[in-house]
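K.L.:
So you can see what is in the structure, the chains are spelled out below.
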Amino acid sequence: MAEMDTSGSGKHKKGPGVKKGKKLSTKVDLTPMVDLGFLLITFFVFTTTMSQPVAMRLALPDDKVKDEDQNKIKQSGALTLLLGKNNNVFYYEGELAPDASNFKSSNFKDIRDEIQHKKQQADTNLVVVIKPNNESNYKNFIDILDEMRINVVKRYAVVDISDVEDQLIKKTEGE
Amino acid sequence: MSRPKIARKSTSVDMTAMCDVAFLLLSFFILTTKPKPSEAVPISTPKSVENKFAPDKNLVMISLNKDNHVYLSVGDNSGDRDKKQAMLEDVNKANNLGLSSSEIATLTKQPFIGTPLAQLKQQAHLPVEQISSKLPGIPCTDTTNNQMTEWIRAAVAAYQGTKMDLILKGDNVATYPVFKNILTAFKKNEQFKFQMVTNQSNVPAGTDLYKLNMSGKAAQM
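For the protein sequence lines, the chains are A and S, in the order given.
At position 81 of the first sequence the residue is numbered 81 (the working numbering), and the sequence of numbers has no breaks.
At position 149 of the second sequence the residue is numbered 149 (the working numbering), and the sequence of numbers has no breaks.
Derived by calculation from the structure, the hints in this document are not laboratory data.
One or more of the hints may lead you astray.
Said to hold, decoys possible - Computed spacing ranges between beta-carbons, pair by pair:
id	chain 1	residue 1	chain 2	residue 2	range
1	S	32	A	75	51 to 57 Å
2	S	118	A	170	35 to 41 Å
3	A	85	S	204	20 to 26 Å
4	S	30	A	75	58 to 64 Å
5	S	109	A	85	37 to 43 Å
6	S	163	A	47	28 to 34 Å
7	A	164	S	192	25 to 31 Å
8	A	167	S	204	29 to 35 Å
Said to hold, decoys possible - The following residues of chain S were derived to be distant from chain A, with all beta-carbon distances above 10 Å:
id	residue
9	4
10	5
11	6
12	57
13	58
14	67
15	96
16	98
17	102
18	108
19	119
20	136
Think of the CB as a built atom: it goes at the ideal place given N, C-alpha and C, for glycine as much as any other residue.
All chains should be modelled from the sequences, with the hints used to inform the complete structure.
P.N.:
Have a look at this one:
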């Protein structure tokens with residue numbers, strides 16, 4: 001590309017009257033240009049942001065819906081996840097036993113197995129109830145919603161935590 | 001003993017091909033790069049497997065930073081800025097803040113609103129460099145003085161008849177109660193749908209969503 005055929009072909013006149021121009025090489029040293037090119041590439045590679053943020057959609061329930069219009073969940077298919085401080089996750093299946101015997105603690109790594117297990121067991125009745133307490137952070141909340149996506153849980157709800165559950169979390173965390 | 005002579009080859013390489021590649025890549029990166037939107041508030045968002053991109057216009061963004069400060073901003077185009085101006089005029093009138101039209105114009109130009117209603121007048125006189133996460137944010141931490149409700153009301157009124165995307169951008173370490181108060185503000189204004197900005201991450205292998213994606217069906221949630 002950067003080279004051109006400058007050698008005279010046979011068609012040129014070659015006589016005593018034709019002045020021979022000094023043949024200059026048209027080869028250009030492209031090394032500095034390449035250097036510059038790569039320098040700029042490096043600049044753009046580092047400044048470019050390839051990962052565009054994605055948005056998670058969440059629909060909130062209307063608090064004004066009357067109690068009798070709300071769907072009651074089947075206790076056999078209910079799994080309640082409680083979020084506490086320091087990325088702690090607690091859960092219980094069905095209804096919380098008065099002696100809190102079915103209240104178990106977990107973490108974000110193990111909770112996925114638990115959800116999957118419950119999903120297989122409850123099948124279509126599965127409803128996950130998410131209850132973050134006041135000490136949980138925003139990341140925990142997003143993570144648990146993400147867990148719903150990952151495990152394809154179709155029905156889940158975010159509910160305010162009750163005092164009993166909050167006390168249980170604090171008691172367990174305090175130990 | 002005489003070694004056979006090796007013909008000396010020129011060490012200069014033809015740079016043309018390399019030059020072509022370099023500039024091809026260069027043009028690619030120049031064209032794909034987007035100037036990073038100016039972020040006055042640094043926020044590190046959590047990750048999710050979500051694959052829908054966040055919208056970039058007709059949006060009202062609520063930022064929640066690591067110190068639980070709440071800021072309000074709109075999309076970065078003239079349409080959204082007009083809406084912001086309308087919001088500010090609305091809030092000014094409804095709360096008797098006594099902002100002049102030039103103060104409203106300044107506030108509109110500023111990247112976000114980050115002060116309680118009573119201090120909006122002061123924010124209008126701050127230089128742009130001071131519009132940062134040092135500002136106290138819109139009060140949203142306690143339920144009695146949730147000024148976010150007022151801002152969302154103004155936003156809904158300003159975007160009346162057009163599409164409005166409520167976007168919440170929260171930091172990893174922001175606490176849940178503040179987030180919940182923002183949700184309360186949404187609910188009070190009957191805004192039940194919103195989006196949360198996250199970074200994309202891959203779906204873990206072996207999970208149900210992974211299998212669903214592999215089987216070619218789009219995950220319908």
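K.L.:
Now, for every hint given, state plainly whether the structure supports it.
P.N.:
Tested hints:
1. Range check, residue 32(S) to residue 75(A): about 53 Å between beta-carbon atoms, so the 51 to 57 Å window is met.
2. Range check, residue 118(S) to residue 170(A): Cβ separation about 36 Å, and the 35 to 41 Å hint holds.
3. Judged by the Cβ atoms, the range 20 to 26 Å given for residue 85(A) and residue 204(S) holds: they are separated by roughly 25 Å.
4. For the pair residue 30(S) and residue 75(A), the supplied restraint of 58 to 64 Å holds, since their beta-carbon distance comes to about 60 Å.
5. Distance hint check for residue 109(S) and residue 85(A): the Cβ-Cβ separation is about 40 Å, which falls inside the suggested range of 37 to 43 Å.
6. Separated by about 32 Å at the C-beta atoms, residue 163(S) and residue 47(A) satisfy the suggested range of 28 to 34 Å.
7. In this structure, residue 164(A) and residue 192(S) meet the distance hint of 25 to 31 Å, their C-beta atoms being roughly 28 Å apart.
8. Checked against the hint of 29 to 35 Å, the C-beta distance between residue 167(A) and residue 204(S) comes to roughly 34 Å, which is consistent with it.
9. Taking the minimum C-beta to C-beta distance to chain A, about 31 Å, the non-interface status of residue 4(S) holds against the 10 Å cut.
10. For residue 5(S), the shortest C-beta to C-beta distance to chain A comes to about 27 Å, beyond the 10 Å cut-off, and the non-interface label holds.
11. In this structure residue 6(S) is separated from chain A by more than 10 Å, as the shortest Cβ-Cβ distance comes to about 25 Å.
12. Every CB of chain A is more than 10 Å from the CB of residue 57(S) (nearest about 13 Å), matching its label as outside the interface.
13. Separation of residue 58(S) from chain A is adequate, the least Cβ-Cβ distance of about 13 Å exceeding the 10 Å criterion.
14. For residue 67(S), the requirement that its beta carbon stay farther than 10 Å from each beta carbon of chain A is met, with the minimum near 13 Å.
15. In this structure residue 96(S) is separated from chain A by more than 10 Å, as the shortest Cβ-Cβ distance comes to about 30 Å.
16. The Cβ of residue 98(S) sits about 34 Å from the closest Cβ of chain A, beyond the 10 Å cut-off, so the non-interface label holds.
17. The claim that residue 102(S) lies off the interface holds: its Cβ sits roughly 34 Å from the closest Cβ of chain A, which is beyond the 10 Å cut-off.
18. With 10 Å as the threshold on Cβ separation, the claim that residue 108(S) sits away from chain A holds: the shortest Cβ distance comes to roughly 24 Å.
19. Remark: the non-interface label on residue 119(S) is consistent with the geometry, its nearest Cβ contact in chain A lying 25 Å away (cut-off 10 Å).
20. Taking the minimum C-beta to C-beta distance to chain A, about 19 Å, the non-interface status of residue 136(S) holds against the 10 Å cut.
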